[in-house]
Every structure is written in structure tokens, then in C-alpha cells.
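**Student:** Given the sequences, and given the hints that come with them, work out the whole structure.
These are the residues of each chain, in order.
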Amino acid sequence: MQEFLEFTLGGISQGMVYAAIALSLVLIWRGTRVLNYSQGAMAMFTTYIALIVINHTHSYWLGFVVALASGLVLGAVIERVVVRPTTSRPPLNAVIVTIGLLILIEGLAGIIYGGQFRSFPPGYSIRGFNIGHLALGISPQGLYTTIAVLLAAAGLALVFRYTAVGLRLRATAFNPDVARLLGVRTGRVLTLGWALAGAFGALAGVLVSPTTFLYPNSTDLIFVLGFTAAVIGGLESPLGAVIGGLVLGVLLNYVSGYLGSDLVDPAGLVALVAVLMLRPGGLFSMSTVRRV
Amino acid sequence: MSSAAAFAVEEVVAGYLAAPVLDGISLGAEAGTITAVLGANGAGKTTLLRTISGLIRPRSGRITLDGVSMARRKPEDIARAGIAHVPEGQGVISELTIEDNLKLALLLRPGGERAGALASIYEQFPILGQRRRKLSATLSGGERQILVIARALLTGPRLLLLDEPSLGLAPKIVSQVMELVRKLRDDSGLTVLLVEQNARSALAIADQGIVLNLGKVVARADAASLAADEGLRRHYLGF
Amino acid sequence: MTLLKNLAVTVLVGIVLLILSYRIGSFRDYELAEVAAYVTAVGGLTMLVGISGQISIGHGAFMFIGAYVAALLLQHLHWPIYLLVIAAAAACAVAGGIVGLAAARLRGPYLAGATLMLAVALPEIAGRYQGIFGGDQGLDINVTVPASLGVNFQLTQWLAWVSCLTALITLFLLANLVNSRVGRNWRAVRDDEVAAALSGLNVAQLQIRAFVVSAACAGVGGALLAIVLANVSPGTFTLTLSIALLTAAVLGGLGSLAGAVWGTLLFVFVPTFLTNVAQSHGLNSSASSSVPIAAYGVVLIVVMLVFPAGIQGAVRRLLGIAAPAAGAPLNVLRRQAPAPDPKENTTALVGTAPPEKGKGTT
Numbered sequence: 000m001q002e003f004l005e006f007t008l009g010g011i012s013q014g015m016v017y018a019a020i021a022l023s024l025v026l027i028w029r030g031t032r033v034l035n036y037s038q039g040a041m042a043m044f045t046t047y048i049a050l051i052v053i054n055h056t057h058s059y060w061l062g063f064v065v066a067l068a069s070g071l072v073l074g075a076v077i078e079r080v081v082v083r084p085t086t087s088r089p090p091l092n093a094v095i096v097t098i099g100l101l102i103l104i105e106g107l108a109g110i111i112y113g114g115q116f117r118s119f120p121p122g123y124s125i126r127g128f129n130i131g132h133l134a135l136g137i138s139p140q141g142l143y144t145t146i147a148v149l150l151a152a153a154g155l156a157l158v159f160r161y162t163a164v165g166l167r168l169r170a171t172a173f174n175p176d177v178a179r180l181l182g183v184r185t186g187r188v189l190t191l192g193w194a195l196a197g198a199f200g201a202l203a204g205v206l207v208s209p210t211t212f213l214y215p216n217s218t219d220l221i222f223v224l225g226f227t228a229a230v231i232g233g234l235e236s237p238l239g240a241v242i243g244g245l246v247l248g249v250l251l252n253y254v255s256g257y258l259g260s261d262l263v264d265p266a267g268l269v270a271l272v273a274v275l276m277l278r279p280g281g282l283f284s285m286s287t288v289r290r291v
Numbered sequence: 000m001s002s003a004a005a006f007a008v009e010e011v012v013a014g015y016l017a018a019p020v021l022d023g024i025s026l027g028a029e030a031g032t033i034t035a036v037l038g039a040n041g042a043g044k045t046t047l048l049r050t051i052s053g054l055i056r057p058r059s060g061r062i063t064l065d066g067v068s069m070a071r072r073k074p075e076d077i078a079r080a081g082i083a084h085v086p087e088g089q090g091v092i093s094e095l096t097i098e099d100n101l102k103l104a105l106l107l108r109p110g111g112e113r114a115g116a117l118a119s120i121y122e123q124f125p126i127l128g129q130r131r132r133k134l135s136a137t138l139s140g141g142e143r144q145i146l147v148i149a150r151a152l153l154t155g156p157r158l159l160l161l162d163e164p165s166l167g168l169a170p171k172i173v174s175q176v177m178e179l180v181r182k183l184r185d186d187s188g189l190t191v192l193l194v195e196q197n198a199r200s201a202l203a204i205a206d207q208g209i210v211l212n213l214g215k216v217v218a219r220a221d222a223a224s225l226a227a228d229e230g231l232r233r234h235y236l237g238f
Numbered sequence: 000m001t002l003l004k005n006l007a008v009t010v011l012v013g014i015v016l017l018i019l020s021y022r023i024g025s026f027r028d029y030e031l032a033e034v035a036a037y038v039t040a041v042g043g044l045t046m047l048v049g050i051s052g053q054i055s056i057g058h059g060a061f062m063f064i065g066a067y068v069a070a071l072l073l074q075h076l077h078w079p080i081y082l083l084v085i086a087a088a089a090a091c092a093v094a095g096g097i098v099g100l101a102a103a104r105l106r107g108p109y110l111a112g113a114t115l116m117l118a119v120a121l122p123e124i125a126g127r128y129q130g131i132f133g134g135d136q137g138l139d140i141n142v143t144v145p146a147s148l149g150v151n152f153q154l155t156q157w158l159a160w161v162s163c164l165t166a167l168i169t170l171f172l173l174a175n176l177v178n179s180r181v182g183r184n185w186r187a188v189r190d191d192e193v194a195a196a197l198s199g200l201n202v203a204q205l206q207i208r209a210f211v212v213s214a215a216c217a218g219v220g221g222a223l224l225a226i227v228l229a230n231v232s233p234g235t236f237t238l239t240l241s242i243a244l245l246t247a248a249v250l251g252g253l254g255s256l257a258g259a260v261w262g263t264l265l266f267v268f269v270p271t272f273l274t275n276v277a278q279s280h281g282l283n284s285s286a287s288s289s290v291p292i293a294a295y296g297v298v299l300i301v302v303m304l305v306f307p308a309g310i311q312g313a314v315r316r317l318l319g320i321a322a323p324a325a326g327a328p329l330n331v332l333r334r335q336a337p338a339p340d341p342k343e344n345t346t347a348l349v350g351t352a353p354p355e356k357g358k359g360t361t
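Protein chains in written order, with numbering that gives the first Met the number 0: chain A, 0 to 291; chain B, 0 to 238; chain C, 0 to 361.
Do not take every clue at face value.
Stated by the list, open to error - Coverage of chain C stretches by chain A, computed from C-beta distances (three or more under 8 Å per stretch; other residues unrestricted):
#1 110–124
#2 284–291
To be verified - Restraint ranges, calculated between C-beta atoms of paired labels, are given here:
#3 B:Q196 to A:V80: 41 to 49 Å
#4 C:H280 to A:V80: 49 to 57 Å
#5 B:R108 to A:I111: 42 to 50 Å
#6 B:R108 to A:L157: 19 to 27 Å
#7 B:N40 to C:F268: 53 to 61 Å
#8 A:S124 to C:I124: 54 to 62 Å
FYI, nobody ran anything at the bench for these hints, they're computed from the structure.
Even glycine gets a Cβ: it sits at the ideal position worked out from N, Cα and C.
**Tutor:** Okay, structure coming up:
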């Protein structure tokens, strides 16, 4: 029973990282119908920037803020420069372009920062909470991770529902032609979507790097698992992304805890294939019919 | 509501099949009039509206609103200049509520005006006010048509492009919609370009009628003469 | 007849390579062998993406499987080379079939994600099961020159012969497949899945077959690579390799086998060149070995934005040849997004592009 609690709580905080990646993928997918394969690499890059800031200023929180800001900028720039030209071409081009971005960013990271594993500081202690003799399986860092992503997701939901910007984002995602006919500058809206996605990715990078260390390929696996979480939740739904992340995080932690950590990667692979085979639309897909 | 505008389309070539869908088409209207655009399927009526609203970029030709060029501008800029296009199939954003659909249009108006404009639309169209928080997907065909026209009106247009508003609607609803359009011209002086398969209803409220065939204008006259011309009616309009 | 033409070209190229192998010296023979190994994989991949319209960023994983199968069989059963190659092809055909089963149900972006997972997960798995896979150092492979060639015959030349011959045979078979009824059916599915299904083609089966074939090719390439490098380790088959293979295919022109050769040549030789240039400009070794990786990214992006038909498309344009295959990359995966694609509407926004016959447009 205590193990179960441990694994569940640990899985939740791990799952939140996948949820953050999944959220960025959903944001971009809804708006531009592109799956951004470089999302993980972008997160890695902004985490490097954060590390430089932290090393120079000895302030974790300054690094944290800089990471998010860089994520915004990076997302916006990439959309404007690289992705925008692909909108009038077939989907394959956009897929290959984001794959190209993936290794371009990893290559740049290798050139600028070198390939060695670097340690990235956690925001809080990583020692698990104990209540008396009961180990909870979650640490202050894990709690902080969970709260940070939940707050960010809630903030995003509020923006979507109650602000003009959110309305434009939703309209552009659901029916870009009609939105344009109503005067919405869909180009800017899409740039904003990518910027927000970049920020969410940056958040994931900062939260996960203390555990994985930071090196050019450090986010590859996280990205694939975040992608899996997004697919579980159905690429259309931010809520689905969060739930998908939770489900995946907890499931994989059970595998790791009860069956051994060797099996986590194959389990992730199996989970992805299973979801894709059974429900490519995810568990929460809305069947949206686009009309003009 | 802003002042209605005259518009002109001159020698426009547009469309994206092997041959251009619009083949040097020219037409225009005075401010505050309803122009009915008629013709068989494939004649280019929808392409005409999409070219005017900017969804299609003309290869050549001029499009002006009160003399100001609109051709080759982005759809969102054309919308902001005062051309409201209600597309075929209506263009309700089904995943949004009625109110959100309307609020989207309001974003083009200055902040102070928005609440008042929304309130007056709900007054004019009570059915929308009653169901405002419902998802637009739950509306019937006729209600959707009202929604998209209301939404277009909220942008304060100077030219209203309506593409087949009667499509899929029961005859009684069709006459209600047509009546609404007529009132918009009569009471508010709006300029309307009305594409319709249902030529009879369209000509009943229009000032002038234009018949398209294969991307060209084949007939242009005031609505009454057009409605009276039996040969023309049978040949191009099917009644 | 195309079969004869392909045969003639194959034999001709074979003779040229044979002569070349005597004249270019030991190190170049080794490089020739390496290139041929990669060409086999890239050939299969370009066929998959360009002709059958599916995508894989996990072909490094298939090479990995082929390489390890060959290494393990050689180590434990001492099979001769041709059997190793066949076994690698068979193993990868099976793996490709499994992936293909999943692929047939997935569309563009999802498929890329699944193959990405494969590319990332497989080396990690190998890294964990140290006993079988030899851990980070991997397994060593030792192949010797057959006695019939004499005592003084260079190993590198022998490797070049083996590798080039296998590559030529594979490309020959691929070329014939592409020109056969199956190839035509692949193209039909690629261009318009719905129409193809309506005209009676078994779309899923065709797509699975494409995966099986291309995976087998990658497996053969992997086995050859293992023999040439005399070692296999997880570090040889990284995600970067999978993407580099795709880059080579894109650069050469998706769907073009000749393009696969150009693309592979660039992919094998330019990285070392770039790394050397970087080092001579003062970058340390870790940083300079990342330069080619960044370069792959730049190439993929630039080619896709500016030059979707790749090198072979450029060559055709220069020579004034009409390019049937060059139309392929522009049409690949048009309707393979899971939901109606708004981009299909926006293609009409700029009236110069041809209309997409969209599944999702109303």
C-alpha cells in the first residue's frame, strides 16, 4: 500500500512534465495542424540558456523566468521564419522541417555548449517527503513540478475562455478562414500560439533537467513520452493533454516500480503503439468538422 | 453602422483550376443597393465572392470599395476595411458558443461600443439572446443563418457578401431571411451582394440582377426586367 | 524494356566500381564500402517516403536490427556473409511488417512520432541489456577475405566488393519493384488514398509491404555496415543517424534511387569535411562533431522550403527532363492528417497553387 502511494505520487509529478510537453504540442497542433518535432529540442535549448543565467547570477528563479521568456521568443521566431512558409505546402514538408529543426537545434547546442552532461539545479529539495516512517515518494521538487504545470495549464485555460486573445486563438484553431473573414490576423495568432508552446516546453525542460542532466539529446525521450501523452489525450484538447500526461506518468512509474526500471522504455514504446493503434484520435478527441 | 459603400469589380481573372473560373468579369453597384448574382452551379458565383473577400487572390483585374483598391490584400485586412463575407455553408464556428461567435466579430469595434452593439443585436434577434451560451452546433439551419448574418453585421460592414443564404433552408425560413436582407437595405442602407440559386426570391428583393455563366457576365439588368425576361430565366436560371 | 535497362545500368555501374576498386587504394575502398552500405538503407527509405508516401524517422533502428542480427549470427554461428545479409533482411522484414501494421493505421504526423519513438527507444534498450548487446562498446565483427582470392588480397577491397555488389543487387531489385505493378499501386495510394481504395486496391496491405521492403533494405545496409566497420554498438545507430538517412533521401530527391546515391555521398563525406573545417577554426572536438548535425538540420529545412524536389529534381530541371517523380514529394501525405486539414483550404488562398483534392473540404 505504501509502495502504491509512493509510485502514484511519483508518477504524478513525472507525468506533469509529459503534460507540459503535451500541452505545447496541442497548442501548436490546434492552431497550425503541425506536429512540432522540435518541441523537446527547443526545451533543451532554453534550459541551457537558463543554466548560463543561473551560473552567472546564482539565482534559480531568474534562470527560470529567462527560460520561459526565451521559450516565448524561440517559439515565435521559429513560427515566423521556418514554419510560416510551409503552410501552403503539403503536410509532409512541415513534418520534415520540424525534424530538421530538431537536429539543427541539437547540433547548435552541441556546438555552443558542448556534448558533456551538465547538472541542472532543482528548484527545491529532491529528497522525498516523509510522514513519520511513511515515505511519500514525492519530494518538494516533485510537488513544485506538479503545481507549476497545473498553474500554467489553468492560466492557459483562463486565457482561452475569458480573454479576447484566447477567443482569437480558439477561432483560428477551429476555423481559420472564417476567423480571417472576421478580421482576425491569423498570422499573428499563430505566432502567439507557437510562442506559448515554446514557453510550455521551456517549463518542461527546466522541471525535468535536474533528473535527466542536460545535454543535447537529453529531451529526446521526454519529447516522445510527451507526444505519447498528447496522443492519449487526443491532440485537440488541452485538458486531455494534462490527463494524458498524468495517466502516462503514473502508468510508467508503476512499471518502473513493480516491474523494474529496465522495462520503462519498452513500456513507453508499447504504450504509444497501443494508443496509436487503438485510438489515433486519443481518448478525448472531439470530432471537429471544419466548415466554411 | 458605417456608411454603406459602392463597389466595383473590373476585368477580374481568378480561380485555380486549369482554366480560370472567373474570366475577365466586371460588375458593380451603387451604395445601399442589393445586387443578386445568379447562374448555374460552377458559373463562378462563389469564386466571385471569395475573390472579393480576399480568400482567393485574383490574377489580374481591379476590385474597389468606394474607389479604394481591395484586390490582392489579405482577407483580414479586407474584412477590416468593411467587407463582410458570409460564406456558403454559413461559416458558423460550431465549436464556439453563439455569444463567442458574436464576440469574435465585436473585436473589430472599439471597446466602448462592444457591449452596446451586442445588446442591440440581441434585441434585433431575440432567438440569439435566448440561446447565447449554447454551442452553435446546436442551432438549426435557419438559426445559423441568422447568427452569421448577425455576426457579419456586428463588424459594421459597408458591403455585405451573402453566399447562398437559402441553402438547405425550408421555404418559410428562406422568406424570413430574404425579408431580413431587404430590411437591412431599406432601414440601414447596407450594400449587399447576394449570390443565390433561388433566383426568384433573390430577384424579389434585389435592385439589380447579374447572371454569370462560365466565369463571365452574360446578363445585367434591373431586377424587375430580369425577372420578366422569360427566355433568360429559362436558359440560365431554370424557371 | 525497363528491366533490361536497369540490368544494363547495374552491370555497367558494377564494372566501373570493380575497376575503381583496384585503383583507388585501400582507404578509399573502405569508404566505398561504407557508402554502399548506407546507399542500401537510403534507397529503401527514399522508396518508402517518395513512392509509397509514408514517413519514417526510425530507419536507423532497422539498420540497428540488421547490424546486430548479423553480428550475433557471425559471432555464434559463423555464417558466411551472404547468409548474414539474408538473415538481416529477413529479420528486418519482420520488424518492418510489425511497424507497417501500426503504420497502416497511422497518418503522417502520428507515424513520424511512432518511428521517432522507435529510433530513440531502441538504442536505449540495447544499452540496458549489456549481456547480449555488448553494452556501449558493442560487439566486434571479424570478416576475412576468402582463400580463393589469394593471400595478398586486401580486406578493404573485399569489403568494397561485398558491399557494392549487395547494394547494386538491392537497388536493382528496388528499381524493378518501383516500376512494377506494386510500384504503380504505391504511387496511386500515395497520391489519393481514397481513390485508390475505391478502385479496389488494398491500401493497408500495400503500405505494410512498403514498410517491409524498406526495412529489409535498411537491415541489409545495417549488416553491411557492421561488417565494414567491424563493430556494432548502440552509439552507431542514434536518432541522428535516422534523421541523416532521411536527409540523404530528401537531398537526393524523394523517390529517386539515383538521388539516393547522391544524397548518401553527401551524407558520408560532407560531415567529415565540415568537422575538419570547424576544428581548423578553433572549435574543440566535441563542438566540431556537432557541426554536421546542425548541417543536416539546415539542409532539411532549406531543401523543404526552397527546393522540395531535391538534387535529382534539380538535375532533371537542368537537363530539361520532365520529372514524374519530382511531383511526388509535393503530393506525399497530402491527406494523411487525422482531421480535415485547414491548409487544404488555404492552398486556395494564394491562387497560384494547384488545388488539393481534399478529403476534408466541404
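**Student:** Using the C-beta atoms of A:S124 and C:I124, is the stated range 54 to 62 Å upheld?
**Tutor:** With a Cβ separation near 32 Å, A:S124 and C:I124 fall outside 54 to 62 Å, so the hint is violated.
**Student:** Evaluate the given range 53 to 61 Å for the C-beta pair formed by B:N40 and C:F268.
**Tutor:** Given range 53 to 61 Å: holds, Cβ gap about 58 Å.
**Student:** For B:R108 and A:I111, compare the CB-CB distance with the range 42 to 50 Å and indicate the outcome.
**Tutor:** Taking Cβ atoms as reference, B:R108 and A:I111 lie about 48 Å apart, which means the hint holds.
**Student:** If you check the beta carbons of C:H280 and A:V80, does the distance land in 49 to 57 Å?
**Tutor:** violated, 26 Å
**Student:** Would you say the stretch 110–124 of chain C counts as covered by chain A, given the rule of at least 3 residues with C-beta under 8 Å?
**Tutor:** n = 10 at 8 Å, threshold three: holds.
**Student:** Is the hinted range of 19 to 27 Å satisfied by the C-beta distance from B:R108 to A:L157?
**Tutor:** holds, 24 Å
**Student:** Quick one: see if chain A covers the stretch 284–291 of chain C, three-plus residues with Cβ-Cβ under 8 Å.
**Tutor:** holds (count 7)
**Student:** Between the beta carbons of B:Q196 and A:V80, is the distance compatible with 41 to 49 Å?
**Tutor:** Given range 41 to 49 Å: holds, Cβ gap about 45 Å.
Checked against the numbered hints above, the structure breaks hints 4, 8 and satisfies the rest.
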